[in-house]
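Engineer: Sequence:
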Amino acid sequence: AMLVNRVVTRLRQLLGLPYWSFSSWAKVNVKKAVNFIGSFQTMLTEEARRSHVDGVICGHIHHAAIESYEDVQYINTGDWVESCTAVVEHFDGRMEILHWAHVLPEAPVGGEVLVPVDIKGRAVQ
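All the letters of the sequence shown, read from the start, carry residue numbers 1302 to 1426 under the working numbering.
Keep in mind that the hints were calculated from the coordinates and are not lab data.
The structure displayed is predicted, hence computed values, not measured ones.
Incorrect hints may have been included.
[Stated by the list, open to error] Using 25 Å as the maximum straight-line C-alpha spacing, the simulated DMTMM-like pairs for lysine to aspartate or glutamate come out as follows: (1) K1332 x E1390; (2) K1332 x D1380; (3) K1333 x D1380; (4) K1333 x E1348.
[Said to hold, decoys possible] Cβ pair distances, simulated, as ranges: (5) M1303 x D1393: 24 to 34 Å; (6) D1380 x N1306: 20 to 30 Å; (7) L1304 x I1338: 20 to 30 Å; (8) P1406 x L1318: 39 to 49 Å; (9) L1415 x Y1320: 58 to 68 Å; (10) R1351 x Q1314: 21 to 31 Å; (11) P1406 x P1319: 44 to 54 Å; (12) R1311 x E1397: 15 to 25 Å; (13) V1382 x V1329: 22 to 32 Å; (14) P1319 x H1353: 50 to 60 Å; (15) E1371 x S1325: 34 to 44 Å; (16) Y1320 x A1366: 32 to 42 Å.
Glycine is no exception: its CB is placed at the ideal position from the N, C-alpha and C atoms.
Take the sequences, apply the hints, and build the full model.
Structural biologist: Spelled out as structure tokens, the structure:
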């Protein structure tokens, strides 16, 4: 941030513009983003509680998270495009955040592939 601040300051001087701090701007805007995410999580967990559900799963806040708020679990998948994160549910019910950069080197070549099986029957109407 310091280097960016120096470059921006120099460019603004060359253009005859007044001083502007990139670092200060970034601090304010990052703080606003963090506050928004916190408010979003609080709002969702409160709504989950009012709806008598165990948790909420959402995405696209760009920050993957699995957190417990007393009796409500908050799960955010993050986003695939920028963060390359996803949330998976294991067969035993555990939820886990996967970071593709960590998964790819460990991915087995070949391995067993589980395929969904159709169950005969009628759909519930």
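Engineer: For each hint given before, does the structure comply? Return the numbers of the non-compliant ones in rising order.
Structural biologist: Checked against the structure, the hints that fail are numbers 1, 5, 10, 12, while the rest are satisfied.
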